[in-house]
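Chains Y and R, in that order, are what the protein sequence lines are. To convert a position in the first sequence, counted from 1, into this note's numbering, add 1112. To convert a position in the second sequence, counted from 1, into this note's numbering, add 3.
What the hints contain is simulated information worked out from the structure, not anything from laboratory work. Every residue, glycine too, gets a C-beta built ideally from N, C-alpha and C. Some hints could be false.
[Stated by the list, open to error] Here are a few chain R residues that face chain Y, going by a calculated C-beta distance under 10 angstroms:
no.	residue
1	D50
2	L56
3	G85
4	E241
5	T243
6	F247
7	T255
8	G259
9	S260
10	G351
11	W354
12	V360
[Stated by the list, open to error] The calculated lysine-lysine pairs, modelled on BS3-like cross-linking and capped at a C-alpha distance of 25 angstroms, are:
no.	chain 1	residue 1	chain 2	residue 2
13	Y	K1169	Y	K1304
14	R	K182	Y	K1483
15	R	K21	Y	K1477
16	Y	K1476	R	K182
17	Y	K1263	Y	K1233
18	Y	K1476	R	K84
19	R	K84	Y	K1477
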Amino acid sequence: MGKARGFPISGGSVSDKEASGVGRRDFLKACTMAAAAVGLSASVGKAWAEAAAKGLKPSVIWLHFQECTGCTESLLRTSHPAVAELILDLISLDYHETLFAAAGHQAEDALKSAMEKGAGKYICVVEGGIPTKDGGIYCQIAGRTALDMLKEVADKAGAIIAIGSCASWGGIQSADPNPTGAKGAPQILEGKTVVTVPGCPPNPYNFLGVALQYATFGTLPALDKLGRPMFGYGRVIHEDCPRRPHFDAGRFVQQFGDEGHRLGYCLYKMGCKGPVTHANCSIQDFGEIPGIWPVGIGHPCVGCTEQAILWQLPIAATVEIEHPTPPALYPPISPEHGGVSPVATGVAGLVGGALIGAGIMASKKLMAEDKATTKEE
Amino acid sequence: MTDHAVPVGGPILTRPFKWLMAIFGLGVLLLIWRFLAGLGATTALNDGYPWGLWIAFDVVTGTALGCGGYAVAILVYILNKGKYHSLVRPAILTSALGYSLAAFAIVFDVGRYWYIYRIPLHFWQWNLNSALLEVALCVMAYVFVLWIEMAPPILEVMQEGSSPFFRRLAQTTLPILNKSMVFIVALALLLPTMHQSSLGTVMMLAGQKLNPLWQTPFLPLLFLVSVVGMGYAVVVFESTLSSFFLKRPYETEMLGSLAKIMAYITIGFLAIRLLDLLYRGAFGLAFTSGWLSFFFWLEIVLFVASAAMALSPAVRANPGRLFQMAMLMLIAGGLYRFDTYLVAFNPGPGWSYFPAVPELFITIGIVALEIMIYIVFIKRFPILGGASPARSRA
């Protein structure tokens, strides 16, 4: 698997992959795992593999603006079978400032040719916020502002994905007082469909799910009103939280390092934003390593996928909970098993009473008899 | 065995006997239903309470009530108190009946009864760390041993019977049996010691599911000690009732001295029970456990009342009072077993159990069967001692 880099960018069939170092089986496995990771069926994974093998890999143009590259880093570190390499094989990453070997004019030419070749089909990925104040001069590449670049690349794109919280709404740059007037891609590209994959960084599988679905079927997943794919952001963390039973039982961490904290109790009182944060962190392991997410390591959720929370609410502030108790229709924690039949208790009572009564009567008769014999004697 | 034992004689099919047959018949019908429809349909057993009335009464209390033979045998054969010898045969008979029916109860209580034969035979599959295996093997062996002990009276009848085949059979086997009886008796003393304590071990293994008022490492010892006390009470109970119904003289003097022994054993039992609670620091629970506290004190009061009665010379001289004392002891011992197996057993939130009507009637039917077989035996075989003329009823 580690030799995946050697496999051709285009052409060939799935079986050809063996020649290039990645076994067909391993390649299919990785694709179906990626599909399963984002909640799609195994057949989708197979379709990805076939599409990639036929050279139908989507061209991706990746734009970096006001950001820390954390999203790219986390994508590269999807730890399971060298998925980082497979990403590069499943998609044709034609322009990416961090991962590029090229520099200067060479890089700019690559961008130009990719846009011309794949006009109307390529995926434009935006990573980072876009400064708008003073004509957007606070972020420039090759003498052009981020604002210009985004508008130009997005104009001819088949799909636009904003990865990370910065690209989704501006992120930390947009926190008060927002000195550069930073905004997210959806706010700049009004009128266009921008899929947002917020998170700081987002789970790479949520991004992969969107990108690969577009690559394979040419469609986008169902989105909520903030442009977030429903498969990853349809539910709040609290609903599927591994610490949820502690919440329902009223067992809370009161202070970091206390007994409850060590026992893994609910972090709500420490300011956990899980009850209002839409994300799949509690069911989709980050980078496929179980437990490595804030709540998993004993820190309250900071709400990194929510514009209204991240950089707006203090970490220690608690949030309102809409449904503090589970609905009455849910099965109880300890359902009733077995019951007491009134007929059976009646019968048991009668039998027991009859036996004791018979015993008392017998002993009375015995005593009477004894008295009579003593008298006779 | 005593040479003085004689069959009581008289008709078998009396009116009470016919009533017992009717009760047993109902039990048989329900048993057929149990085998056709299964345990789930006929019982209130569930995954939390897989052991219900049939284990707590038929097996655990039933074998304890069947320990008359064991308790009397300790007196006669170990402490060499020959004067109690006339009590041995009836006691062994009740033991044989109690144990046989407990073994029978197991057959309809377990889910896969068709594999029961494997317990004694498939020795290569034995789990030698299992308390239940110990109970199963011991009870099976003891039933067998008890019927060997019961063989002489049956063979004695055969010897004088009309069939030449049975006469020859009895003539050849009786001397062998009488010679080997010492080993049989030794076995008959060993086996109940083992499995009656193991019946306590079984619930000790239930761990925290059993309330700390009952859960103790002394559970096996407590079960063993209480079973000896119950054994003497059963002998008093059944001897008095037989004398009453069959119009035979009361064995008050002998039963009185049995009662005295029973009282000392009960005091020993109570001492272990209470000292253990104090030592484990669990005694406070006797006041704070709600219903369980009630059952705990009910047990203690019954044991104390029975022991106190047995210590009074006036009670020991009066068959009626002796009978009351024996009843109190049997209820106390039975309650201790019910508490340990069902009342103080809590398998987890949400589980509850109370025997279903069919369960109750099957158990009642089994008890009726036991009484019927007992009546047949004492009327047809030399079980009860003394050929005294029928006592005149006042």
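Verification of the hints:
Interface hint at R:D50: satisfied, since its Cβ lies 7 angstroms from the closest Cβ of chain Y, which is below the 10 angstroms cut-off. Hint status for R:L56 relative to chain Y: holds, with the closest Cβ pair at about 9 angstroms, below 10 angstroms. The interface hint given for R:G85 is violated, since its Cβ lies 27 angstroms from the closest Cβ of chain Y, which is over the 10 angstroms cut-off. The beta carbon of R:E241 is not positioned within 10 angstroms of any beta carbon in chain Y (closest approach about 12 angstroms), and the interface hint is therefore violated.
Interface restraint check for R:T243: the shortest CB-CB distance to chain Y comes to about 7 angstroms, inside 10 angstroms, so the restraint holds. Interface restraint check for R:F247: the shortest CB-CB distance to chain Y comes to about 6 angstroms, inside 10 angstroms, so the restraint holds. Look at R:T255: its Cβ gets to within about 8 angstroms of chain Y, closer than 10 angstroms, so that hint holds up. For R:G259, the shortest C-beta to C-beta distance to chain Y is roughly 13 angstroms, which exceeds 10 angstroms, and the interface hint is violated.
The beta carbon of R:S260 comes no nearer than 18 angstroms to any beta carbon in chain Y, farther than 10 angstroms, and the hint placing it at the interface is violated. Residue-level restraint check for R:G351 holds (minimum Cβ-Cβ distance to chain Y is 7 angstroms; threshold 10 angstroms). Residue-level restraint check for R:W354 holds (minimum Cβ-Cβ distance to chain Y is 5 angstroms; threshold 10 angstroms). Contact between R:V360 and chain Y, as hinted, is supported at the beta carbon level, the nearest pair being about 5 angstroms apart and thus within 10 angstroms.
Taking the CA atoms of Y:K1169 and Y:K1304, the gap is about 23 angstroms. The hint holds against a cut of 25 angstroms. Under the criterion of a C-alpha separation no larger than 25 angstroms, the hint pairing R:K182 with Y:K1483 is inconsistent with the structure, at around 45 angstroms. The hinted pair formed by R:K21 and Y:K1477 meets the criterion: a straight-line CA distance of about 23 angstroms does not exceed 25 angstroms. Pair hint Y:K1476 plus R:K182 does not hold up; C-alpha atoms about 45 angstroms apart against a cutoff of 25 angstroms.
Straight-line distance between C-alpha atoms of Y:K1263 and Y:K1233 comes to about 16 angstroms, which keeps the hinted pair within the 25 angstroms bound. This hinted pair does not check out: Y:K1476 and R:K84 have alpha carbons roughly 31 angstroms apart, beyond 25 angstroms. Between R:K84 and Y:K1477, the direct Cα distance comes to roughly 31 angstroms. Violation of the 25 angstroms bound is thereby established for this hinted pair.
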